[in-house]
Structures are given as structure tokens and as C-alpha cells.
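Colleague: Listed below are the residues making up each chain.
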Amino acid sequence: AQSVTQLDSQVPVFEEAPVELRCNYSSSVSVYLFWYVQYPNQGLQLLLKYLSGSTLVKGINGFEAEFNKSQTSFHLRKPSVHISDTAEYFCAVTLSGTASKLTFGTGTRLQVTL
Amino acid sequence: EAQVTQNPRYLITVTGKKLTVTCSQNMNHEYMSWYRQDPGLGLRQIYYSMNVEVTDKGDVPEGYKVSRKEKRNFPLILESPSPNQTSLYFCASSLMGGASKGYTFGSGTRLTVV
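Top line first, the protein sequences correspond to chains P and U. Residue numbering for the first sequence follows this note's numbering, starting at 1 and increasing by one per position. Residue numbering for the second sequence follows this note's numbering, starting at 1001 and increasing by one per position.
Accuracy of the hints is not assured; some may be wrong.
What the hints assert, rightly or not - Short derived list, chain P residues pointing at chain U, Cβ under 10 Å:
1) S28
2) V29
3) F34
4) Y36
5) G43
6) F67
7) K101
8) G107
9) Q111
10) T113
None of these hints come from the bench; they were simulated from the model. Bear in mind the structure is a predicted one, so any value in this text is a computation, not a measurement. Ideal placement from N, C-alpha and C gives every residue a C-beta, glycine not left out.
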């Protein structure tokens, strides 16, 4: 069975600073990887996804993530954050090829301050 | 507009009083799933359905029931709610074999059991 670990429960950062949210996964077979964002009192919105091909994936709102198979990681990055990026971010994994259980990490709360 | 609709958005109920949270999607998705979100635990799958009349347990099915009589609807039933079921619930849907397209989430139902 697949699993996801988000090492940081909270990440405080100043506006315009870069940020990296860490995600590691565990699976014995090929996976698809996702990052979702949840703004306060809202549902989940897909930021980006890795299916295959290029290991650097670009998403919405200036976010990108890099798939590293040898380190089983899928870290999310943004070179310059904005106050509006304050939200909870979830890394998720599912087995490739078919819709199946989407397994989520425990989430990282990104807090951007002036 | 393609969407997953959950109702109600907010619900406060008393222990033991049966309730149903509805979920409907208009995308002709085969796969539907319920998750609960709790602080520090991320999202955990309760039940899922791969098609009409096909349902199966997720990671935390105790105390919940589901049914899938129509493709578009996947209600979550709490026959005898307890305070430990106080949580934020999300319904999600996807095409079978379409994990690559990601999952569409509803806006969530915040349930409080007193």
C-alpha cells in the first residue's frame, strides 16, 4: 500500500521569500503524485500533478514540484510567496493507471507574513 | 459547470440521530469516494465506489454506510452518530482509469455531533 509523509506540519515564511514544502512517498509500484491546496474554509484545489515524463512539474499560482524517484520525494516549491498563499497544502499519491484510493499526507500549513 | 455538490455545508446534530450527507456529481464519473479531514491527520478515506452498486471500505469505515444506486449520487449515512465523528467531510469523484486527471472535490460538510 502507498503512503505519504509530509515532514513539516507548519512552515512560517515572510512574503516574497522562497519556500519548499517537503513530501516523501512510499510505494512498491508506479504512482501518480499530486499537490492540493486548501484555503481557509474552502475545499481542495489541485495545484499540480506528476504522471510521467519530465520530473519538474509546473502548476498554478507559480508553484512547481520536482519528482525524485531515487529519493521518493515530490517537494513543492515557490520562488517568491505572497500573503494569499497562506493555506494548507496536501501531498497525495495514487497508484498509476487507474482510479484508486488517493492517499493524503497529514498536510503542511503555510503561513506567510509581512 | 462540472462539479461535485455536497449538502449540507454545515450540520450540528445530537448523538444517535441518523443523518445523511448527500453528494452528487455531474461529470459522469464512475469513481466516487468519501474522506474525512481531521487536524493533524490529513484526509482519510471512509468509503469508495467504483460504479453503481459497487462500494468498498476505505481506511476508516466504522460508523458509516454508503450506497450507490445511481451513478451521479453517493450519499454518506451515519446511522447513529457519535461525537468522534465530528469532522470535515469531503466527497470526491474521478473517471475510472482517469487518475491522471485528478479528483474533483466537493466543498465539504462540517459536521458537529454533540
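Colleague: Against this structure, judge whether each hint is valid.
Modeller: Each hint, compared with the structure:
1. The interface hint given for S28(P) is violated, since its Cβ lies 17 Å from the closest Cβ of chain U, which is over the 10 Å cut-off.
2. For the restraint placing V29(P) at the interface with chain U, the shortest Cβ-Cβ distance is roughly 13 Å, beyond the 10 Å limit, so the hint is violated.
3. For F34(P), the shortest C-beta to C-beta distance to chain U is roughly 6 Å, which falls under 10 Å, so the interface hint holds.
4. Evaluation of the Y36(P) hint against chain U yields a held restraint, the C-beta minimum of about 8 Å falling below 10 Å.
5. The interface hint given for G43(P) holds, since its Cβ lies 4 Å from the closest Cβ of chain U, which is under the 10 Å cut-off.
6. Violation of the interface hint for F67(P) is found here, the shortest Cβ-Cβ separation to chain U being roughly 14 Å, above the 10 Å cut-off.
7. Annotation: K101(P) was flagged as interfacial toward chain U, and the flag holds, the nearest CB pair being 6 Å apart, inside 10 Å.
8. Using the Cβ-Cβ criterion of 10 Å, the hint placing G107(P) at the interface with chain U is satisfied: the shortest such distance is roughly 5 Å.
9. Checking Q111(P) against chain U: minimum C-beta separation of about 15 Å lies over 10 Å; hint violated.
10. Taken as an interface hint, T113(P) does not check out: its beta carbon lies about 21 Å from the nearest beta carbon of chain U, beyond 10 Å.
Comparing the model with each numbered hint stated earlier shows that hints 1, 2, 6, 9 and 10 do not hold.
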